[in-house]
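Enquirer: The primary structure of each chain is shown beneath.
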Amino acid sequence: MNHRPLAPAGLALIASALVALGLIVVLPLAMVFHEAFRQGAGAYLAALSEPDAWSAMRLTLLVAAISVPLNAVFGLAAAWAIAKFEFPGRSLLVTMIDLPFSISPVVSGLVWVLLFGVNGWFGPLLQELGVRVIFNVTGVVLATVLVTLPFVARELIPLMEQQGADEEIAAITLGAGPWTTFFRVTLPNVKWGLLYGVLLCNARAMGEFGAVSVVSGHIRGLTNTMPLHVEILYNEYDFVGAFAVATVLAGLALVTLILKSALEWRHAGELAATRRH
Amino acid sequence: MSLSIENVAKRFGDHAALDGVSLEARQGEFLALLGPSGSGKTTLLRVLAGLERPDQGMVRFGGEDLLTMDARARRIGMVFQHYALFRHMSVAQNIAFGLQVRPAKTRPSRAEISDRVEGLLSLVQLEGLGGRYPAQLSGGQRQRVALARALAIEPRMLLLDEPFGALDAKVRRDLRGWLRRIHDETGLTTIFVTHDQEEAMDLADRVAILRDGRLEQVDTPEQIYEAPASAFVFDFVGDGVQAPGEVAGGVLTVEGWRTPAPVGALPGPVTMSFRGENTDMLPPHAEGVPARVISVLRRGGLSRATCEIGGRTLVLEAPQSLAAPGIEVRLAPRSYLLHPR
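Chains as they are written, first to last, in the working numbering: chain S, 820 to 1096; chain L, 19 to 359.
The hints are simulated quantities; they were obtained by calculation from the structure and are not laboratory data. Incorrect hints may appear among the rest.
Here are the simulated lysine to any residue pairs, SDA-like style, with alpha carbons at most 20 Å apart [said to hold, decoys possible]:
no.: 1; chain 1: S; residue 1: Lys1010; chain 2: L; residue 2: Arg105
no.: 2; chain 1: S; residue 1: Lys1010; chain 2: L; residue 2: Arg71
no.: 3; chain 1: S; residue 1: Lys903; chain 2: S; residue 2: Phe893
no.: 4; chain 1: S; residue 1: Lys903; chain 2: L; residue 2: Gly68
no.: 5; chain 1: S; residue 1: Lys903; chain 2: L; residue 2: Met76
Pairwise CB distance ranges (calculated) [claimed, not checked]:
no.: 6; chain 1: S; residue 1: Ser921; chain 2: L; residue 2: Gly81; range: 43 to 51 Å
no.: 7; chain 1: S; residue 1: Ala900; chain 2: L; residue 2: Asp32; range: 21 to 29 Å
no.: 8; chain 1: L; residue 1: Asp230; chain 2: S; residue 2: Ile833; range: 54 to 62 Å
no.: 9; chain 1: L; residue 1: Met19; chain 2: S; residue 2: Glu980; range: 37 to 45 Å
no.: 10; chain 1: S; residue 1: Gly996; chain 2: L; residue 2: Glu42; range: 29 to 37 Å
no.: 11; chain 1: L; residue 1: Glu172; chain 2: S; residue 2: Gly996; range: 15 to 23 Å
no.: 12; chain 1: S; residue 1: Leu1006; chain 2: L; residue 2: Asn296; range: 55 to 63 Å
no.: 13; chain 1: S; residue 1: Phe941; chain 2: L; residue 2: Gly157; range: 58 to 66 Å
no.: 14; chain 1: L; residue 1: Lys123; chain 2: S; residue 2: Glu980; range: 32 to 40 Å
no.: 15; chain 1: S; residue 1: Ala896; chain 2: L; residue 2: Thr124; range: 29 to 37 Å
Note that the Cβ used here is the ideal one computed from N, Cα and C, for glycine as well.
Whenever a hint applies, use it, and build me the whole structure from the sequences.
Expert: Right, dumping it as structure tokens:
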């Protein structure tokens, strides 16, 4: 890198970027906290300790805890297959993985209702079996899994394609079996991309609104996730409550970011060594 | 243990990468597979390594049928053109990999592995660099690590796929002598793929020349150079010129020059091949293939002239009297080869 004094044009560009960032990221975030604490810390804490708010937080964490590992495994498997092998239907698979990105989250929710709702394809069967999917935690998980499906795979496919299969082939000629090759060569080579994909996936899983809103039924204390709970409280003019829950969501996002930076900082040496290829 | 390849063929779609190749290599032999890109040499190497399954043919090694064995079970060391080092592992971890992945029963102890790694590091002259990562090494160093990694598993045979292809000329030459020394020290049967004829001729005990999935010639470098089996081989292994000619009634005619045909030359269209170093440049009234001097390069007391013969060029030493661009000359090859056209 060369450090030259900045030209006025450079300064102007940086300044405008900072202003834009302040206006569309920092200001709204500050507003969330400002509104949450409008009536003091006491009201803030009271809003958070409300049982329905608690339940929404627990459900959000539960949904993320189920859907993120699922999509991490799926994304890794899909990226591995797509990047390391040639097979018929490969590009179709890539398109399918992208599909959840391109369809509206509301549709991603609605498909589950059409499949498993009372009037859906499998509705009567499920009713007979006494299984509820829609207006239930299961539905919320399904909708979240669908919406967050591409994150890990999308992060890993270009990375794995760029790395090629040379190292795996070398491992095999050195006597390594398929699992050994995967866990000792393939996985370590993509661990940073995987981590990044998981963090993105997690952020979306916790924040998803549209798809979850369709399948959840907004049953307080049962099928309400944090984003849904924020909306309910807001619609009931409980601004402190709504923004208090929103601060928790924002806090989770910040924790995710800090986690990522901490990992990058701790492994800076290794990152520098392996990325300079 | 000797290697025997019999009638191996491999197709990719419509393209025959290998079209019935039979080849033998003795225990401890250094064999080069030489050919232009697309000639099938890398495919043949991958068949030996177990990375490609041939459509037909046999590959035996020390009496064992290699084709029935998995790549991982063959214990054949392989070195790749782009090194294929494990980028997230240090040099020492790379070298130790093949030993560490062995099943517990046959895996050497930690101390043995680290001894072996040290020994290999010194064999490839990288002492003290065991803690570096591949990205922190030069290309030549990386390829030496790759070789050490392949040798760590005590392979029964060593395969090298254009190992110096990604390196610059000076490093290539240095590594060449070094690779030959390692081969002589370990006594491993070594198969080496390259498209660089100089590299193959310099290094190998024998050179196998491939073209379009078929073997053109397998011989010692001297034989290949002195007695190429075809016009293709002649052209591939050295500088020279090839001119179309005709043998009829015991007379060879090339570019209007008529000379008695060699004993045993079959009548018909032929390609006459000769090299500049075996050719004398004579004045225009002498016997020889008519040619014209295009340019002259003087270095010290010698002049090297580029001559044009029927649209083709040949570089050879020129006597002072003829070393002038534009001059008409005759080229008299002291030795030449005829191949049917």
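Enquirer: Could you tell me which of the hints above the structure violates, numbers in ascending order?
Expert: 2, 5, 6
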